[in-house]
Structure formats: C-alpha cells, structure tokens
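Peer 1: Next come the chains, spelled out residue by residue.
Number of protein chains: 2
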Amino acid sequence: MKIIKSTKELQSIRRSISTKVGFVPTMGALHEGHISLIKEAKKQNDIVFVSIFINPKQFSINEDFSSYPIKKEADIKICALAKVDYLFMPEISSIYSQNEVLIKSPNQSYILEGFSRPDHFNGVLQVVLKLFGLIQARNSYFGKKDAQQLFLIQKMVKNFFINTQIIACETLRQNDGLAISSRNTYLLPQEKKEASLISKSLYCASRIISKNEFDVNIIKNEMLNILKNLNVEYIEFVNKNFQKITKVELKNTIILIVVKFKTVRLLDNIWV
Amino acid sequence: MKIIKSTKELQSIRRSISTKVGFVPTMGALHEGHISLIKEAKKQNDIVFVSIFINPKQFSINEDFSSYPIKKEADIKICALAKVDYLFMPEISSIYSQNEVLIKSPNQSYILEGFSRPDHFNGVLQVVLKLFGLIQARNSYFGKKDAQQLFLIQKMVKNFFINTQIIACETLRQNDGLAISSRNTYLLPQEKKEASLISKSLYCASRIISKNEFDVNIIKNEMLNILKNLNVEYIEFVNKNFQKITKVELKNTIILIVVKFKTVRLLDNIWV
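Protein chains in written order, with the numbering used here: chain G, 13 to 284; chain R, 13 to 284.
Just chain G, with the same shape it has in the complex (with noise of 0.2 Å):
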C-alpha cells in the first residue's frame, strides 16, 4: 500500500492507473463500517484509493472538528491489512484554498441533519467533488447510514455528469443492533445499552409496516414508546427524493432518527 500525501503525486500516480478505480472516503477513524465499504470496492474494481480527511468545512463552529478522533497508525493498518492500494491523507492546505469557487447544496441539505447546520451539507459536497476530481474513480463507495449525505452526493454526481458509479453500501450493525459509528467510542457505559434501542425502535417501525400500518403518526408513536427513555432529537419519514412524507410509500421510504446522549449524537435509519 502506498501512502500519498500530495495532490500532485496522487495526480501523477492517477495518470498512470488505466484500470477500474474503486474509491472510499473517509474521515479517518476506521471501523467495520468502512472495511465492509472498503472490501466491496476490492471486489468491483482493480485498484482501490481510501481517502482519510476531516473535512474542516463540514463541521459548524460549535461542532467536534478538534476532537474528532484521529487515529492515524491504527487507521493506515487497517487499509494495509484491507489490502488498500493507494491511501490518500492529504494536508488540509493542499485541499482547500483562499476564496474558493463554492458548492451550494439544494433545499434538501437544510432540513434534518442540515436543520441546524446549514453549512455542513455544502461542505460535504465541496470535499467530495474535490475528492471525485482527484481520483476520478470509476465507483465511489458510501453508506446508507448517512442517507441525507448519500443522497446529496448521488444529487451532485447526477446534476454535473460527474462520471463515477455511487455505489451505497448498507449500515453495518453490533450484535445488539447498534450502528457502527466513529462517534460511539464517546457512549458512556450505560449509554451504550441504552443506544441498542434506537435500531429496535427503527426495526419495530418496519414490523408495523408490514402489517401496512402506514400513518407516519401512528409510527412514530410506537417508535417514541421504545425510546421514551432517551432524549430523541427527530425522527422523520422521508421518500427517496428526501421530502419528509406523512404517509409510508413502500420501496421509496427511509426513516431517519438521531438521539443525543451527553457528548454525542448518534444518527441511524432504515430503508423500508
């Protein structure tokens, strides 16, 4: 595995790649999450990039930019051993620039996880092309657990012809049903137990819509029952195209829930 620092080198090196690209950004942090999007891109391509960058300009003033977990040794032999051909950690410098052109992301990156925080999606979507720019991969590989951000990008590469397959790669859970997430190893002990209950709360909702139970309200209620002992930030029904619906559409509805516990936020949905 190569390591690469620059854009120039990753340029360079780029250029010499005729064969099908796999890429996987990542912000670092490593999990089962990413080896399963990193496994998936072995199989469909012949040369596979990682991507590690914290993105400075997804994160709101208030938010953890300084303390995301940075794990760089352990992260590297992770890719090694995933057998990662090229991993790409750029400096932040080499990324971004003064008085940029800039990303404006559409009405759909200011509800949910861009209600409060309605620069995080335009700086998703401005690393992202960059990133798509570099590497110029054949296949991009992403989660569906952040479905707001899977389905802007899908948005972006669809609106600028951008020419890579978004490949969406399904939550990886714990044996108690908990998403994988970077931000867990932040749950307290007793949290921990307590955050199962979001993926039943969301498997529930999927119970009752198979016995087409399709009232949003109705739901939501049984889900907020599950979870009446946390402190459930929002859950929404929304259809594919990410508009918040009120009545369930099978095959074109994704239920979104994030919970606060005291120094993280955990987000999780399903697909129904």
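FYI, nobody ran anything at the bench for these hints, they're computed from the structure. Check each hint, because a few of them may be wrong.
Unchecked claim - Cβ-to-Cβ under 7 Å is the rule here; a few derived chain G residues that face chain R:
1. Ala-41
2. Gly-45
3. Glu-112
4. Val-113
5. Leu-114
6. Asn-119
7. Ile-174
8. Ser-222
9. Lys-223
10. Thr-275
To be verified - List time: in silico DMTMM-like cross-link candidates among lysine to aspartate or glutamate, alpha-carbon distance up to 20 Å:
11. Lys-256(G) - Glu-112(R)
12. Lys-32(R) - Asp-58(R)
13. Lys-14(G) - Glu-85(G)
14. Lys-116(R) - Asp-188(G)
15. Lys-69(R) - Glu-112(R)
16. Lys-205(G) - Asp-227(G)
17. Lys-17(R) - Asp-87(R)
18. Lys-170(G) - Glu-21(R)
19. Lys-116(R) - Glu-85(G)
20. Lys-170(G) - Glu-245(R)
21. Lys-256(R) - Glu-112(G)
Since this is a predicted model, take the numbers as computed values, not measurements. We put the CB at the ideal spot given by N, CA and C, even for glycine.
Based on these hints, arrange chain R on the given structure of chain G.
Peer 2: For chain R alone, coordinates are given in the frame of chain G:
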C-alpha cells in the same frame, strides 16, 4: 460530423473514445473567433467536441436571452467545415433539472461583468461544470475575450481538481481591430466605425505602458480621451487574480473595457 442531442447518447459515445479529446463550448452564432478555437482544438487533440447551448442561467431577467442570436443551420455547417467530430446540441431540459446542486462563484464574480449581474458567473460555472462532466476533455478551449469568465473557469478547474486543461485562446479581431463577437451584428452602421476605437484605446494603453508609465489613472485618462464620444461603462485594470490594481504590473495586468451602444454592449481587453 455527428450531431448529438441527448446527454445519454453523449455519455455512451464518450465512453467509447479512449484517445485525446478536445472541447470547445459555445453558445452558437459561431464566428471566426469560435473557428479559431476549433482549429486550435483540432491541432492538439484526436477528437474534437463542440457544444452549442445557450445557457439560460447566465442571463439575468433583463438580458438578451430571448433575443440571443440563434443560427442553428449556419452553425452546423461551420462545424462540419471545421471538421468537428461531435457537435453536442442539447435541450435545456436535458441539462437542467429542478432544485439542483449549485455553484457559488467567488468574490471575483461580483465585480466588472458580475457587478450588475450577480448570478451571471454562477450560471456560467454551473453549465461549464456540467459540460466538463459530460465531455471529459483533455483540453478545453476558451477565448481570452471573456477574460473574467476564463479566470473563473480556471479557478473552478483548480479548486475541484477537474481533469481538463484550460487552453486560453487569443481574441480574434477584424482588420479595424474590433474584437469579433456574436453581438457585433447588432451594431448600427455608424456604431461599427466607432466600435473600432475600443481596441485603439487598448493598443494606446499598451504603448503608454511600454514607455514605463504604470499609473492606472494616467493610462485610463488617455484611453478615455480616445473614447470621448462613446458611452464607456467601465475601464478597469486587474491583476491575473482579478483584483483591481492602481499600478500596472508587467505580465500580470489585464485592462478590461466595456462600451455601451444603442442595443448592445461590447467588451474587450488586453493582457500586458
């Protein structure tokens, strides 16, 4: 020459081409200026794509979108004669959809040509990024006549690491010095004579500078003296980062001028 109307067909054709592609984006009403770009592209590439698309997003409400000259048949003939390989003439609906991810151009977009048209360059960059995604050219050709547009496109390519080289082509001129433009056809006979003073004022500025006079105000006054009977909208001196300057910096200065006539405004510039 093959004419392509749909983005799907374009993408399918593009995938089948592995040799060097050159790209000349236009808004049609082709003239010798465009032909010189196409010739340059033919020289430097194996396959040349030309696009003709009058981009609605770069016109303001009060501007000449609806009256912008359309010369479809003549344009097709010109491209065929110039041995263009593929002529891409998409419908608006195949390029734009509702509620898109947008481009927000930087500071340098809101001066000069962007001053009274704040969305003009956002619209230019939006469509150019789409076309770059579709055509994936090794080399893309733009005229120096639209210097601010050229600067912003170069900036976008750099910021997003877009894999195309921007080739800046010299402004083509009539014998009397008038820069060739689609909008020249709107000049009244008397205005045609007066319009030649625009380039004369730029050449005059260049001569003054070659005598080591670098004070922008002094040079500007000499230019305005030549243009005293014309309606000058602006004369501005910028460096190659498109920041206004008060002292000419050799090899790093562009002098830009816009003159208004009865039904048309003409722009021109010189790089010193």
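Peer 1: Next, verify each hint and record whether it holds.
Peer 2: Against the structure, the hints come out as follows:
Against a cut-off of 7 Å between C-beta atoms, the interface hint on Ala-41(G) is violated, since the closest Cβ of chain R lies about 25 Å away. Annotation: Gly-45(G) was flagged as interfacial toward chain R, and the flag is violated, the nearest CB pair being 25 Å apart, outside 7 Å. Taken as an interface hint, Glu-112(G) checks out: its beta carbon lies about 5 Å from the nearest beta carbon of chain R, inside 7 Å. With its C-beta approaching chain R no nearer than about 4 Å, Val-113(G) sits inside the 7 Å limit, and its interface hint holds.
At about 4 Å, the closest approach between the beta carbon of Leu-114(G) and any beta carbon in chain R falls short of 7 Å, and the interface hint on this residue holds. Given hint, Asn-119(G) at the interface with chain R, holds; its Cβ is 5 Å from that chain's nearest Cβ, closer than 7 Å. About 5 Å separates the beta-carbon of Ile-174(G) from the nearest beta-carbon of chain R, less than 7 Å, and the hint is met. The interface hint given for Ser-222(G) is broken, as the beta carbon of that residue sits about 32 Å from the closest beta carbon of chain R, more than 7 Å.
Hint status for Lys-223(G) relative to chain R: violated, with the closest Cβ pair at about 34 Å, above 7 Å. At a threshold of 7 Å, the smallest CB-CB gap from Thr-275(G) to chain R is about 33 Å, leaving the interface hint violated. Note on Lys-256(G) and Glu-112(R): the hinted pairing holds, with a Cα-Cα distance of about 18 Å set against a maximum of 20 Å. At most 20 Å may separate the alpha-carbon atoms for a hinted pair to count; Lys-32(R) and Asp-58(R) meet this at roughly 5 Å.
The suggested pairing of Lys-14(G) with Glu-85(G) holds, with an alpha-carbon distance near 14 Å, which does not exceed 20 Å. Restraint check for Lys-116(R) and Asp-188(G): not satisfied, since their Cα atoms lie roughly 44 Å apart, outside the 20 Å limit. Distance check on the hinted pair: Lys-69(R) and Glu-112(R) sit about 12 Å apart at the alpha-carbon level, within 20 Å; holds. Under the criterion of a C-alpha separation no larger than 20 Å, the hint pairing Lys-205(G) with Asp-227(G) is inconsistent with the structure, at around 29 Å.
For the proposed pair Lys-17(R) and Asp-87(R), the alpha carbon gap of about 15 Å is at most 20 Å, so the pair holds. Between Lys-170(G) and Glu-21(R), the direct Cα distance comes to roughly 15 Å. Compliance with the 20 Å bound is thereby established for this hinted pair. A hinted pair counts as satisfied when its Cα atoms are at most 20 Å apart, and Lys-116(R) with Glu-85(G) does not qualify at roughly 37 Å. Restraint check for Lys-170(G) and Glu-245(R): not satisfied, since their Cα atoms lie roughly 39 Å apart, outside the 20 Å limit.
Pair hint Lys-256(R) plus Glu-112(G) holds up; C-alpha atoms about 18 Å apart against a cutoff of 20 Å.
Hints 1, 2, 8, 9, 10, 14, 16, 19 and 20 from the earlier list are contradicted by this structure; the remaining hints agree with it.
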